[in-house]
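> Given chain V, put chain X in place with the hints provided.
Chains as they are written, first to last, in the numbering used here: chain V, 1 to 107; chain X, 108 to 220.
Check each hint, because a few of them may be wrong.
Beta-carbon label-pair distances, calculated as ranges [claimed, not checked]:
#: 1; chain 1: X; residue 1: 175; chain 2: V; residue 2: 65; range: 38 to 46 angstroms
#: 2; chain 1: X; residue 1: 168; chain 2: V; residue 2: 42; range: 18 to 26 angstroms
#: 3; chain 1: X; residue 1: 162; chain 2: V; residue 2: 28; range: 17 to 25 angstroms
#: 4; chain 1: V; residue 1: 31; chain 2: X; residue 2: 173; range: 25 to 33 angstroms
Cβ-to-Cβ under 10 angstroms is the rule here; a few derived chain X residues that face chain V [unchecked claim]:
#: 5; residue: 111
#: 6; residue: 150
#: 7; residue: 202
#: 8; residue: 203
#: 9; residue: 205
#: 10; residue: 211
#: 11; residue: 214
To list a few chain X residues with every Cβ distance to chain V over 10 angstroms, as calculated [said to hold, decoys possible]:
#: 12; residue: 115
#: 13; residue: 129
#: 14; residue: 179
#: 15; residue: 185
Everything labelled a hint here was simulated from the structure, so no lab data went into it. Quick reminder that beta carbons are idealized off the backbone N, C-alpha and C, glycines included.
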Amino acid sequence: RKEVEQDPGPFNVPEGATVAFNCTYSNSASQSFFWYRQDCRKEPKLLMSVYSSGNEDGRFTAQLNRASQYISLLIRDSKLSDSATYLCVVNDYKLSFGAGTTVTVRA
Amino acid sequence: DAGVIQSPRHEVTEMGQEVTLRCKPISGHNSLFWYRQTMMRGLELLIYFNNNVPIDDSGMPEDRFSAKMPNASFSTLKIQPSEPRDSAVYFCASRPGTVQPQHFGDGTRLSIL
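Just chain V, same shape as in the assembly (with noise of 0.2 angstroms):
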C-alpha cells in the first residue's frame, strides 16, 4: 500500500464551482500535512497547512481526518488560475508526497 493515495482526477469544473478532493495516508504517526499545487514544468509550492481543526485560506479550506486518516482539499468559487495539479504532503519524518490530483477550471 502507498503511503499517501489521491485520486489522480482529473476533476473538470466550470468558473465558478465548487471541487474537492481528499487524499489517504498510511502512517498514523504522521505529524503534519501539507497541500501543495504544481504548474505544468514547475516546481510544487506549499498551498497550505493542514491543521487539526481545519483551516481556511480565502477560497480553499483544509480539513484533517486522523480517525480515518485522510486530508481533504476544497476550492470554492474556483478560478481559470486554480487549474494545476495538487500534491497532498505528510510528514513522518520525512515528507511522502501523493501522485497529485489534476484539477481544470474551465470558462
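Quick look at chain X alone, frame taken from chain V:
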C-alpha cells in the same frame, strides 16, 4: 529572501557522461531533499539530509547515483555514468525543521541522449 537555488536549470548530455546537479538550500534550513519527477513515476524522493548527514537514501536508484552535502549551504547530486532513463526533472528542497513544509528550487531539467 533567496529561495532554494539549483543549477543548472537545463542540462542535455550524451549517455555515459557524468552529470552533476547542484543545490543551495535556504539559509538556516537544516534539512535538504533531492527528488526526481517524471510523467510515469511522479515525484520520487531520492535522498534526504539532516544537518548535512544523509538520513535516508533508500530512493537512490542505483550505484550510478550519489549525493553529497559537504556543508550546510551546498549539496550535489551526481550521476555517473548517465543513461537515457535518467532523463527527468530533478528538484532540490529544504526546510527549517522536522515539522515544517519544504521549499523547492526551480528544478534541473535533465535530458540524456
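> Each hint should be assessed against the structure and marked as holding or not.
Each hint tested on the structure:
no.	hint	in the structure
1	X/175 / V/65: 38 to 46 angstroms	holds, 40 angstroms
2	X/168 / V/42: 18 to 26 angstroms	holds, 24 angstroms
3	X/162 / V/28: 17 to 25 angstroms	holds, 21 angstroms
4	V/31 / X/173: 25 to 33 angstroms	holds, 30 angstroms
5	111	holds, 9 angstroms
6	150	holds, 5 angstroms
7	202	holds, 8 angstroms
8	203	violated, 13 angstroms
9	205	holds, 7 angstroms
10	211	holds, 4 angstroms
11	214	holds, 5 angstroms
12	115	holds, 15 angstroms
13	129	holds, 16 angstroms
14	179	holds, 19 angstroms
15	185	holds, 21 angstroms
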